[in-house]
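**Q** Below are the chains, spelled out letter by letter.
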Amino acid sequence: MEIFEIITYFLLLALLSTAIRVVTTSNVIHAAISLVFTLALTAILFLMLSTEFVALVLVLVYIGAVIVLFLFGIMITRAPLGKNAELDNDKNKKLGAAIAGSIFLLFSYILINGFDGDVTITSGSSTELLGEILLSRFVFPFELVSFVLLAALIGGITLARKDEALIDEDQV
Amino acid sequence: MIVQPVLVVAAALFSLGIYGILVRRNAVMVLLSIELILNSVNINFIMFDTMLADSLMQGQIFTIFIITIAAAEVGIGLAIVLMLFRNRQTANINEFDLMKW
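Protein chains in written order, with our numbering: chain A, 1 to 172; chain B, 1001 to 1101.
No wet-lab data here; the hints were simulated from the structure.
Calculated cross-link-like contacts (lysine-lysine; reagent style BS3-like; alpha-carbon spacing at most 27 Å): (1) K94/A x K83/A; (2) K1100/B x K91/A; (3) K1100/B x K162/A; (4) K94/A x K1100/B; (5) K93/A x K1100/B; (6) K93/A x K83/A.
The shape of chain A in the complex, shown without the other chains (with noise of 0.2 Å):
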């Protein structure tokens, strides 16, 4: 149990160092990757809770489609590769230094003193038990998921189309 402890502050540990990276980052392209590590040892600390589903969904979903979202966005509107001083806002840095840690100080005393104790890990394998619930006690906000995501597809084509494309069809 001793090791256990180790490696999940180890595991803490990196994730804060990886998200710090994100965020403070000149380069592009390093930011998206940071994140592709903050997620993948999120995945970790997931498994580490025996909630293996949400860790895989969170593989697939994150790592799989949304960095490659990202690395298509960064290079589509030709943001400058390599390190760039232009990045960040030097004037809002303090402010937003000095925003983030009240916040972090807030939420950490109350997460503090509001919660203690040891979470015992169960072994065993929960995905049959939620996919159950999934689709009886929360199949109505599952469907409506799906609308929500038929509409950002429909939404996104519509923004992301050029304007002369239409014009250009109604030539043809």
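Once you have looked at the hints, place chain B on chain A.
**A** For chain B alone, kept in the frame of chain A given last:
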């Protein structure tokens, strides 16, 4: 596993995301910071789900919903950034003053 360090790290991820939103100039980097915030919320949900051992597993179910909505949000957000880039030739949010008077 002790609860408190995980919760504090999740709070730290949240505040780092806030810092990124306030400081970053590139709109895509702001969206990356929003992902960081959503990730910290996911960690909190999973931690409380394991801690409370809820029979309905609402923590895990909410996390799955959050991941789905976040994917939709990234798609729409990047489409908007792309359209702004096409019209303005820049992705810097301090130059998007279309709705300022």
